[in-house]
Each structure stands twice: as structure tokens, then as C-alpha cells.
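Asker: If you want the building blocks of each chain, they are given just below.
2 protein chains.
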Amino acid sequence: MGKKEVTAITPTRVEDYPEWYQQVVKASDLAESSPVRGCMVIKPWGYSIWENIMRVLNNLFKETGVKNAYFPLFIPLSFLEKEAEHVEGFAKECAVVTHHRLKKGPDGSLVPAGALNEPLVVRPTSETIIGDSFSKWVSSYRDLPILINQWANVVRWEMRPRIFLRTSEFLWQEGHSAHATQEEAVERTNMMLDAYEKLAKDYLAIPVIKGRKTPAERFPGAVDTLCMEAMMQDRKALQAGTSHFLGQNFARASNIKFQSAQEKEEYAWTVSWGASTRLIGGLIMTHGDDDGLILPPKIASAHVVLLPIIKKPSDRSGVMEYTESLVKELRDTSYDDRRLEVEIDDRDIGGARGWDWIKKGIPLRVEIGPRDISNNSVFVGRRDRGHRDKASIKRDRFVSEITTILDEIQENLFERALSLREAHTVNIEGKNEFYEFFTPENPEKPEIHGGFALSHWCGSDACELKIKEDLKVTIRCIPLDGESEKGGCICCNQPSMHRVVFAKSY
Amino acid sequence: MGKKEVTAITPTRVEDYPEWYQQVVKASDLAESSPVRGCMVIKPWGYSIWENIMRVLNNLFKETGVKNAYFPLFIPLSFLEKEAEHVEGFAKECAVVTHHRLKKGPDGSLVPAGALNEPLVVRPTSETIIGDSFSKWVSSYRDLPILINQWANVVRWEMRPRIFLRTSEFLWQEGHSAHATQEEAVERTNMMLDAYEKLAKDYLAIPVIKGRKTPAERFPGAVDTLCMEAMMQDRKALQAGTSHFLGQNFARASNIKFQSAQEKEEYAWTVSWGASTRLIGGLIMTHGDDDGLILPPKIASAHVVLLPIIKKPSDRSGVMEYTESLVKELRDTSYDDRRLEVEIDDRDIGGARGWDWIKKGIPLRVEIGPRDISNNSVFVGRRDRGHRDKASIKRDRFVSEITTILDEIQENLFERALSLREAHTVNIEGKNEFYEFFTPENPEKPEIHGGFALSHWCGSDACELKIKEDLKVTIRCIPLDGESEKGGCICCNQPSMHRVVFAKSY
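Which chain is which? The protein sequence lines are A and B, in order. Read left to right, the first sequence gives residues 1 to 506 (the numbering used here). Read left to right, the second sequence gives residues 1 to 506 (the numbering used here).
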């Protein structure tokens, strides 16, 4: 028997997946919990991933005419109440501001003072406050469409927070648009889902299934919620972006009316779409391994780290000179739509140095020692390969091929994630088989099991609820590209015309 | 007598400066008030200025090793209380979260529920919550310096809000650093002020005086506050960025300790620096004229608007083709560190179209009609010149010279602002003259008068306070480049060794 491979992360994914996740977040220096319950501190290595997501989405949005703006953090309670389903959906998780100053209490400590006439809710989402602006901006069909996005923090109080995946405060973008016709609004809803798909596939290297939520899983107040779902390595689903067709519900609530070309007064059709720092959680769980984080090059905080090897003081100047000149050369190279981001780490901490960068998931590690220099080469490790799998490459070739190597890594990560999903996505026809699929074989190790079950569903809330209660399995989406097919509901065997994606989820 | 020039903004600056400001904000479509008291909606044209400021500061900060991160919106009350002067400074303007959900009240309407054990304050600034993270990140001198910046919204409750200048919620960046030595922290404090100076002078085209705040005007909890002050067109001062040397005050409060190279346990030295959306208010008041906003090209939302002139339907295709090809050519041009941003406006609304762009302050307006096309030329208006002052330029020449023209505009705006400041900055020795300088000649038109008085000050709080009470004039700063000079305090005539900047301020 071979001896057990030492891994940088303890426990491994198989040993304890949820704890592995927490340990990767820590070891990769992405983020940490804060003393404020449910709120996280996003550290520089994590925040730069978010900055890259912002850059990519800003470009994708801008191409479709969307402009950035900024709306108030606070929403008057009365605004939130304008749309009944909406407030119902968020009431249980609202941070409420009730006072606007502090004063000395009887025991000398500070207490809230200056009670507000109307409580303010810290935005959980901004349909109602942005709707108020839209109602002022629109009077004629000529003012439409309005296409707005904001980058913002939002708060949804979490009783069981989990870093990146479920935090009381998170960062996101929320797009909001108003249109003269239903058709145009529906088209926009799809268009923004496509932008998310592009982000997920081409940048995050996460394969996704685009689909439609069931009525029970819709955004509160929406007519239709489109989403994309990705499979994590524990085979659970993660929702990675949603786009909501809101019909005229919010236009009625916020009084967004316009004079049509036919001089009739009509309510606008609105759309909203959002993606959040949760995507970083998805990135970790899609690509990470038992040595830590693995970052797809197109979204990585940095592409390459140079590790000068200085074994004796007399080596230093030669090694550092070679390193600095290589840095300069690499930084002059473009990759995707930005410059190559290069780190240098000359800390004298032995093998821990290489491991630090493995755990942080940087795509390429380049060791540079006196022997490499005399060969005019570099010693390269790729994060998509084992940590011992390193190769000497001529310096010139490395510089000229680095973007090709990065593309290869990007592609490999996507293919690996796709293979995992395909391996654990099955058509299931029988109820017993379905229940078995979602029941852990070993009840003491329930973390990794199941996957995506493509099964028929009759469309009833009752069947959806029954499966949720029995198995904690939900309908993740009704795939947009699913073909019409006759079958029997996995729960009640009543006729069904399409398969849906069932899975456990985050 | 010439007849009065018609202006796009009513009232003019001379007629009513504060109201002129509000009207420019409105006419230029930068921002608007929101239904949430003291909070503003930053519209796309305004937000893109902020995005440009973010880009410039991110680059300047990054050059000095600063990395972006993100910390919680909420600060536990007990954290804020850790530094006595600090909490004292912010207690009167804190938004306080006391509940984490909503429930149906007796009359069926929603009321706050789920009272928090400890109230949370919406961050007015983040020294205390970031200090908590620093205390965990630092253990040895090898961990220092830590150089962090965050882009965030902050809330300081305002009883008399004014858009961009004084809002309850505003956007800003706050930099925070921790250092092993006092010298290094002081150096960082100066370095970040220099970054702000570069932003102000080279991008916003706002001349500034760098200086030190008096003890009375310091950031609550700071040992030393550096600032830069700009003169607005009503001759009042606007503080446009501050950098605080915090000594070991916040390190003690947050327990940021490290083991020194000599193996002694020491408190770190911390620094914080910030600039906010207030800068946009400064931009408006520095450059705007009676026709609206004027944007310096290096920070402008867009550089040039193309205005196709289509007088009869048969002109359309030729004019639009010429316009589109020009757009393409211009967008391939770089200006400063971004691509030229080009707008096209083909709305059929007559003269209002050109005026819209004048009011929005775009640096260049380019009219393109059939006659221009037959001459292979364009008809160009510059926003730094009168609205009638337009000139025909050969198309090729325009394309090749546009960045030079933009540089000229940038330079002109800076020089104009500098001239205004120099014209209204005076050395004043006598108390009577000082009081006269700050007293409006016409009490019915008090808006524009005074300026910067460079006068001696003995250093006493009493004199500073007396002048503030008598005249609403404060010491804006003790200039960093001020030379030592003997004189008598403008208030008490006691000996003084330096002049300070006295002014009314925003």
C-alpha cells in the first residue's frame, strides 16, 4: 500500500467537505469572519478576485448599454411594503435602523438616541428605491429603456452564516431596467443571464446550466426568475447569478408610468439581475483541491509568482537581477484584457514559500536559482498539476508561451469541472432510485453524494415540497435548453412534459 | 449697453451661488436627492466621474504598495467606544441598527423585531473595525507595514444635507496602514497626501494648498491631520482629502501589537486617509460656469460628443456614415490611461441638444452636417470657451490633434482656477482689515466675498474660536510649505512664527 499523500489542507475534501472549505478560505488568505455576526472581512487576495469579476461584468454590461449609478443604502419601510410578496420575502432578514445618534445613558455608556419617525431598512435589494427614481425619470416611451447597474453592499440577516456563501452583508451588483414592452423586458432578462453565463464559463471556468426557477423558488415579487446552476465538488448545486422578469409588478408598486407612442398611459415592464461575492465561494468549491485554492487565470488575482532561490549570500545579486528583468518582461505582456500580474516572493522561509502560493491557487510558480540562470531557463510549476510536477523551460520560450500556458490551465479547469458534473448528472425515472440517489451511502460521511438528477416533474407545488421535505432536495431549475419529452413525475407519476434539475444546494 | 447674455443656468453664480450649484447638479444630470433624508442618487453621468476618480486613486495607491480589501458595514457600539475622542466625534451623527427583522404590528403594518443584544453602528469611518483585523494580522515586525484601502459607503447623519458636499451617506475610499516606526507612519501620512494632491492638480484640475489642521480641526482621535484645501468660485474653502497620523492611539484601542526586531512588544503606529464623493462637489464649484458644468478631460465621463446635423431625411445616411466612421477612429485613440470616450447624440430636438451637452460639461462638442462632410471637416466647440466660439477643423487634423486639444483644456481649467485663487488670496496683517475682508460688502448678497487670508496666528484655541464665532471663519490649514516668519496674531497680536490660511468653508 502506498503511503498517504500529505496534503496542504486538513481535512481533505473526502474527509470533511464543509470543513475543507473553511480551511481553504483560511489557507488561501481570501477572507475571514469578523466580530460582527455574519459579516466577513474580504482580504486583498479575495478582494482582487472580486475586482476582476467587476471588471468583466462591467465590460459585458456596458456592451449592452447598461450604465452604472448609485442609489441609497437605506430604504424607508413604507417603500419595501409597496410590493406585498417582496416585503414578505425579505421581512425576516432585514437590518433595521431606528436611531440617528448616540447619547450617554444613565450608566455613562452610549445608547441609541434620536429615534426616526420611520424606520429605515438597510437594503436587502433595491427594486423599490430604484423604482422610485425610475418613476421620476420616465414620462414618455422615448425615455425607455432605462438600463442601470449598481455595485453595492446589501444586507440580509443570516442566522447560519458561511463565508462567501451566506453572509449577512455581501457585495454584489444589481442591474435594473425598465422597458416599454414585455417582449423587450423578457429579451433583457435573457440577455443578462447570457452575460452571467459568459462570466461563469469563460472567466470563472465554471460550467453552468441555465434555467428557470419554479414558482416556489422565484425572487419575491418576480413573474419569472432565470438562473444558472453549477455543480460543486460535493455535488451540490450553487446558484451563480439570477435574472428576474418582474412584469409590471414593481412598476405598479413604484408608479413607473409612461406615455406610449399611441399616447396611452402605461406601466413599464421591469427587469432586475444580480450576482454577488457568493461567486467566489463557487470558485473555491469548483476548482479547489486538497492543496488549497486553484484560480482560473482569467479571474486570478495574479497569474504568476517568481520565487528566487538564494541558497548562499553570494547568489543574491545575480538571482535578483535575473528575476527583476524577467518581471519586467512579463509585466509588459498582456493576457486577456489586462497586463500579466506578477508577484515576487523573496522571503527566506524555505519550502513554506512555495506551499503558500500553492494554497493561494496562483496559476504558475516559477523558481529561479543559479542553475536555472546558467541554463537561461526557469523552473515552472502549474497549479492545475501535482505540486511535484515541475519542469525546466527556457526563459525565452516561457515568456513567449506564458499566455498559451495560461489558456491551457483555464481550459483544463473548465473541462475538469465539466467532467465532474457530467459524471454526476443522471436521468432518473423511478422514485426509489431517486430517493436512493440522494441518500448518503455512509450516513456518517454524508457530505459528498448524489448530484444532479434530471427527472420529470408534474408542475405541482405539492410534489416539489414533498421532495424538499423528504430529502432536502429542491428543483434547481427547469433547463432553458431542455427538450419537450413525455414522462411521469418522479414524485406522483402524473404526466409531465419536461425534465427538471433536482439537487441539494447551497 | 449690451443686452444681458442668456445663460443656461438660472440663477447665475453672482445672482445666487448656492442655488446656482443646485441647478448645475440638476442640469448636468449628475445626481439628485432621494426620498431618504440626506441620501443622494448618483446618476450615471455623475457616477462615471467617481469611477474615474477610483481608477486614478487605485493606480496612485497601488504604486505605493496599497492593496484593496473590504471590511464590515456595521461596527459594534463597543468597538466605536474604544477610542474616547473618536466616539465623541461621531456619536451625534450615527445611524444605529437595533433590530434584525420586521414583524406585523398590532395594526397589521410592519414594525422592527428581533432586537439586537448590542446595537450596531453603520460605519461613519472604519478605524476601529479595521484595527480589529490588524490586531489579528500583526504579530511580528515582519508583518509590517500593512497597507490597505477600501472603497465603501459610509454614513454620517446630516441635519442640513447638500448634494455631494454634505450627505448622510457618501461614497469614499479609506486607506488604513500600520507601521513599525513613527517615522515610517509619518512618511506614509505625507505620501498619501501627495497622492491626493496629484489627483487634484493633474486630474481634477483643482489647485490645492497642502497643510496641517489645527488641534481643534483634527480628525477625532488623530495626532496630526494633514489636508489639502481648494478655493471654490465663491471664494470659500473646500477640504478635498485628508491624511491622518494616528500615532499609537488606535493601536492601543484595538490592541495592534508586534514583536520588534529587538524582541520587544510594541504598539504599531497607524495612519488613515480618505477622499470622498465630496470631490465631485468641489469639481462643480471649481470649474462650473453660468452655462453649467465644465469637466476637466482627464476626469470627464466622456471626452467628446458627436452631433450629427440632419436637416432633411436624405441627409441622414451620409451624415450618419461619416459620424460612425469618425467614432470608430476616435475610440481607437488613447487619452491619458484610457480610451477616448465618445458619445453620439442624434436626437431630433433642435438646439436643446447642444445645450444639453454644454450643461453636462463635456470637453468637446463636434457638429457634423452635410457641409462639413463635403469639406472633410468637423465643427468643434470647446467647453472652456464661450458657447458660440466654434471652429471648423479638417477631420484628419481634429483626429490627430484631439489629445492635444484636450490637454489644452485641462491646462486652461487649472490655470483659471489658480488665477481665481491667487486673485483672492491676500496677506492680511491688521485685525480691522481681516474683519472687513470677511464681511460681505452687500449684506443682501453675501454669497461671494472674502477669500483666503494668510495671517498670523499665535496658536491658541481661544483666538481660533473667537474668529470662528465672530466671522464663521476657520483656520483651514497651516501650510506645509509656509516659511517661518515673525508676526503678530491676527486676533490677539501675540507673537507668531507662521501664517495660516483663514477662510470660510464648506
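Hints are computed from structural coordinates only; laboratory data are not their basis. Errors might be hidden in some of the hints.
For chains that are exact copies, the list does not tell them apart, and a pair is met inside one copy or across any two.
Below, a list of computed lysine-lysine pairs in the PhoX-like style, where the Cα atoms sit at most 20 Å apart [stated by the list, open to error]:
#	residue 1	residue 2
1	K445	K26
2	K92	K103
3	K504	K466
4	K198	K210
5	K62	K328
6	K82	K468
7	K486	K201
8	K468	K328
9	K136	K26
10	K82	K104
11	K468	K504
12	K264	K198
13	K472	K445
14	K431	K504
15	K92	K104
16	K103	K82
All values derive from a computational prediction rather than experimental measurement.
Asker: Please go over all the hints and tell whether each is borne out by the structure.
Answerer: Do the hints match the structure? See the list:
{"no.": "1", "hint": "K445 with K26", "verdict": "neither (23 Å within a copy, 62 Å between copies)"}
{"no.": "2", "hint": "K92 with K103", "verdict": "between (29 Å within a copy, 8 Å between copies)"}
{"no.": "3", "hint": "K504 with K466", "verdict": "within (14 Å within a copy, 70 Å between copies)"}
{"no.": "4", "hint": "K198 with K210", "verdict": "within (11 Å within a copy, 47 Å between copies)"}
{"no.": "5", "hint": "K62 with K328", "verdict": "between (32 Å within a copy, 17 Å between copies)"}
{"no.": "6", "hint": "K82 with K468", "verdict": "neither (31 Å within a copy, 47 Å between copies)"}
{"no.": "7", "hint": "K486 with K201", "verdict": "neither (31 Å within a copy, 70 Å between copies)"}
{"no.": "8", "hint": "K468 with K328", "verdict": "neither (56 Å within a copy, 55 Å between copies)"}
{"no.": "9", "hint": "K136 with K26", "verdict": "between (46 Å within a copy, 13 Å between copies)"}
{"no.": "10", "hint": "K82 with K104", "verdict": "between (37 Å within a copy, 15 Å between copies)"}
{"no.": "11", "hint": "K468 with K504", "verdict": "within (9 Å within a copy, 66 Å between copies)"}
{"no.": "12", "hint": "K264 with K198", "verdict": "neither (39 Å within a copy, 53 Å between copies)"}
{"no.": "13", "hint": "K472 with K445", "verdict": "within (16 Å within a copy, 71 Å between copies)"}
{"no.": "14", "hint": "K431 with K504", "verdict": "within (16 Å within a copy, 78 Å between copies)"}
{"no.": "15", "hint": "K92 with K104", "verdict": "between (31 Å within a copy, 11 Å between copies)"}
{"no.": "16", "hint": "K103 with K82", "verdict": "between (34 Å within a copy, 15 Å between copies)"}
Hint compliance for this structure: hints 1, 6, 7, 8 and 12 are broken, all remaining hints hold.
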